[in-house]
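Enquirer: So the protein lines, in turn, are chains W and U.
So the first sequence is numbered by the UniProt record's numbering: it starts at 1 and just counts up by one.
So the second sequence is numbered by the UniProt record's numbering: it starts at 1 and just counts up by one.
No lab work stands behind these hints, which were simulated from the structure alone.
Among the clues, some could well be false.
Derived DSSO-like pairs (lysine-lysine); straight-line CA-CA distance at most 27 angstroms [as the list claims (entries may be wrong)]:
#, chain 1, residue 1, chain 2, residue 2
1, W, K153, U, K230
2, W, K169, W, K254
3, U, K149, W, K197
4, U, K211, W, K197
5, W, K112, U, K165
6, U, K154, U, K241
7, U, K224, W, K153
8, U, K211, U, K149
9, W, K112, U, K167
10, U, K165, W, K131
11, U, K165, W, K92
12, W, K131, U, K167
13, U, K241, U, K230
14, W, K112, W, K92
15, U, K211, W, K131
16, W, K193, U, K149
17, U, K149, W, K169
18, U, K241, U, K165
19, U, K211, W, K193
20, W, K112, U, K211
21, W, K92, U, K21
22, U, K17, U, K241
23, W, K153, U, K167
24, U, K167, W, K197
Quick caveat, the model's predicted, so the values are computed rather than measured.
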Amino acid sequence: PRSPLLAAMEDAAVEEAEVSGAGEFAPALVAAHPLGNSVAVAVGPELRVFDLKGGCAVSLSDDSGGCSHSDAIRAISFSADGALFASAGDDKLVKIWKTDSWRCIQTITSEKRVSAVAISKDGLYVTFADKFGVIWLVTVGEHGGGQVSSDNKPVSLYGHYCSIITSMKFSPDGRFIATADRDFKIRVTSFPKNPIKGAPEIQSFCLGHTEFVSSIAFTSHSGGSSFLLSGGGDSSVRLWDYITGCLLDTYEVKDKGGRTAK
Amino acid sequence: MTRTSGANGGGQQGSGKLPRKRFYRARAHSNPLSDSHFPIPIAPDDVDLSQHYPRYFPADKGEHGDGDGDAEAPRIRFADVGCGFGGLLVGLSPLFPDKLMIGMELRDKVTEYVKERVLALRASNPGQYDNISVVRTNSMKYIPNYFGKAQLSKMFFLFPDPHFKEKNHRRRVISMHLLDEYAYVMEVGGIIYTITDVEELGIWMRTCLEKHPLFQAVPEEEIKVDPVVKLLSSATEEGQKVARNGGQTFQAIFRRISLQEE
Chain W
1 PRSPLLAAME DAAVEEAEVS GAGEFAPALV AAHPLGNSVA VAVGPELRVF
51 DLKGGCAVSL SDDSGGCSHS DAIRAISFSA DGALFASAGD DKLVKIWKTD
101 SWRCIQTITS EKRVSAVAIS KDGLYVTFAD KFGVIWLVTV GEHGGGQVSS
151 DNKPVSLYGH YCSIITSMKF SPDGRFIATA DRDFKIRVTS FPKNPIKGAP
201 EIQSFCLGHT EFVSSIAFTS HSGGSSFLLS GGGDSSVRLW DYITGCLLDT
251 YEVKDKGGRT AK
Chain U
1 MTRTSGANGG GQQGSGKLPR KRFYRARAHS NPLSDSHFPI PIAPDDVDLS
51 QHYPRYFPAD KGEHGDGDGD AEAPRIRFAD VGCGFGGLLV GLSPLFPDKL
101 MIGMELRDKV TEYVKERVLA LRASNPGQYD NISVVRTNSM KYIPNYFGKA
151 QLSKMFFLFP DPHFKEKNHR RRVISMHLLD EYAYVMEVGG IIYTITDVEE
201 LGIWMRTCLE KHPLFQAVPE EEIKVDPVVK LLSSATEEGQ KVARNGGQTF
251 QAIFRRISLQ EE
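Please construct the entire structure, taking both the sequences and the accompanying hints into account.
Expert: In structure tokens, the structure reads:
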């Protein structure tokens, strides 16, 4: 019998093939629970979760009454401890889910479509980026109920001027937030103790990609060192010292593993 | 005088004849949101200083930026954002003969005019004006491509476009988000100078600077003795026009500070 997860991914591939040429189609997204409890797949507006421990699909409940998302999901992310999950996209909604029950506990309205989402290391805040390149922050509500936060309006943290944010990650120690954009840039910003007031201190820019940056990831923090990895439209994967912005190494993927030592 | 076009101005610069503005007519407004096609350095190390300041970087010195013996190489220290026809740079050049300064201008024809003006001034005043240059760029998007962390000691924003309509306020060159980037490229203690003849814009710029945690107002007694301040209203065409019409100007002069502990 086909596993539901495989079914989900095959469906996604079929949908992409069917609408290719019909304009921009949201790519299917996959995210894995950090402890391996589950896998989440976003296909268009649908969010599908597979419980790896229980070996079965999960049905999501959304207390705000509506179905999950009403338009393509563009970004998903688990929190570092796996307790929370965030989804956001073209319906201008950011949804925060508790992963034990897979209930949506909070829905935030963005003014513009959302291209990236992340959860702070302490699980207190969710950040999301809109199509103008502005990064917003909301406090994760403790109570369930999934109501749209009105007193907890998003505050603007910072922005990549007139650029689309493609990837957003918090550093393992929670001190920094890194954002990458379509204009080849990666910005590493100090994430303050009290981020409600904004994040004005830029730690570094990691500049070297010659095309859009599509994805960034922090290496894990064991042994005291942590680096930033990035990949982009220039077919390269780059390694950065994100504290200084220094490019440490470049791997040219298109030449079947050509190496540019730095 | 022959009208030059594009980058071909270099050929006839022995003459030292100043360019005539009427051959470089341009609309006052340029759309900073459009992706015009001009080259952008990938990172500050890619800025070719030998092209801008040949006397400081003789071309026979081998590969630019190779590090050997370049520890003392001077860096750009002043940036005039939206330099227009170059009046401020021309006024600043003799006041700080040891400092490299660059103007940033979005309009193609106006940038060409400034290039020609600088070359003509160098030709007719040997040994002078070697420390100023201009680059055609969109400084709202690409400032971090040109300048490294804490590189600049002065930044200038003279008579920026007011962008009166509220929906266009985000196009203003001074904003909370962009001040993050300007603070990043400025050294602690560096000074940002802004001036406008539009009162509402003057209030806007002052308010942004007051609210931004990385800037602090320069005290009046310091402003009085700063030789640069006079140039803000007298050195440029806009400033001279305002003076001719007896208009009022609104200055906001702030110092880049380090983040104060709460």
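Enquirer: Each hint: holds or not?
Expert: Here's how the hints hold up against the structure:
Taking the CA atoms of W/K153 and U/K230, the gap is near 44 angstroms; set against the 27 angstroms cutoff, the hint is violated. The hinted pair formed by W/K169 and W/K254 meets the criterion: a straight-line CA distance of about 26 angstroms does not exceed 27 angstroms. Distance check on the hinted pair: U/K149 and W/K197 sit about 23 angstroms apart at the alpha-carbon level, within 27 angstroms; holds. Under the criterion of a C-alpha separation no larger than 27 angstroms, the hint pairing U/K211 with W/K197 is consistent with the structure, at around 11 angstroms.
Distance restraint check for W/K112 and U/K165: the Cα-Cα separation of roughly 20 angstroms lies within the 27 angstroms cut-off, and the hinted pair is therefore satisfied. Of the supplied pair hints, the one linking U/K154 and U/K241 holds, its CA atoms being roughly 24 angstroms apart against a limit of 27 angstroms. For the given pair, U/K224 sits about 43 angstroms from W/K153 by alpha-carbon distance, which is inconsistent with the 27 angstroms threshold. Between U/K211 and U/K149 the CA atoms are separated by roughly 22 angstroms; this keeps the pair inside 27 angstroms, and the hint holds.
Straight-line distance between C-alpha atoms of W/K112 and U/K167 comes to about 14 angstroms, which keeps the hinted pair within the 27 angstroms bound. A C-alpha spacing of about 21 angstroms is found between U/K165 and W/K131, which places the hinted pair at or below 27 angstroms, so the restraint holds. Simply put, U/K165 and W/K92 have alpha-carbon atoms about 25 angstroms apart, close enough for the 27 angstroms limit, and the pair holds. Restraint check for W/K131 and U/K167: the C-alpha separation of about 16 angstroms stays at or below 27 angstroms, so the hint holds.
Of the pairs offered as hints, the one joining U/K241 and U/K230 holds, with about 15 angstroms between alpha carbons and a cut-off of 27 angstroms not exceeded. Taking the CA atoms of W/K112 and W/K92, the gap is near 6 angstroms; set against the 27 angstroms cutoff, the hint holds. Straight-line distance between C-alpha atoms of U/K211 and W/K131 comes to about 25 angstroms, which keeps the hinted pair within the 27 angstroms bound. Taking the CA atoms of W/K193 and U/K149, the gap is about 23 angstroms. The hint holds against a cut of 27 angstroms.
For the hint pairing U/K149 with W/K169, the CA-to-CA distance comes to about 22 angstroms; that is within 27 angstroms, so the pair holds. Restraint check: the Cα-Cα separation between U/K241 and U/K165 comes to about 24 angstroms, which is no more than 27 angstroms; the hinted pair holds. Annotation: proposed proximity of U/K211 to W/K193 holds, straight-line Cα distance about 19 angstroms (limit 27 angstroms). At most 27 angstroms may separate the alpha-carbon atoms for a hinted pair to count; W/K112 and U/K211 meet this at roughly 25 angstroms.
The straight-line distance between the Cα atoms of W/K92 and U/K21 is roughly 48 angstroms, outside the 27 angstroms bound, and the hint therefore fails. Taking the CA atoms of U/K17 and U/K241, the gap is about 24 angstroms. The hint holds against a cut of 27 angstroms. Proposed proximity of W/K153 and U/K167 is supported: the alpha carbons are some 20 angstroms apart, at most 27 angstroms. Our distance criterion of 27 angstroms between C-alpha atoms is met by U/K167 and W/K197, whose separation comes to about 23 angstroms.
Of the hints listed earlier, those the structure fails to meet are numbers 1, 7, 21, in rising order.
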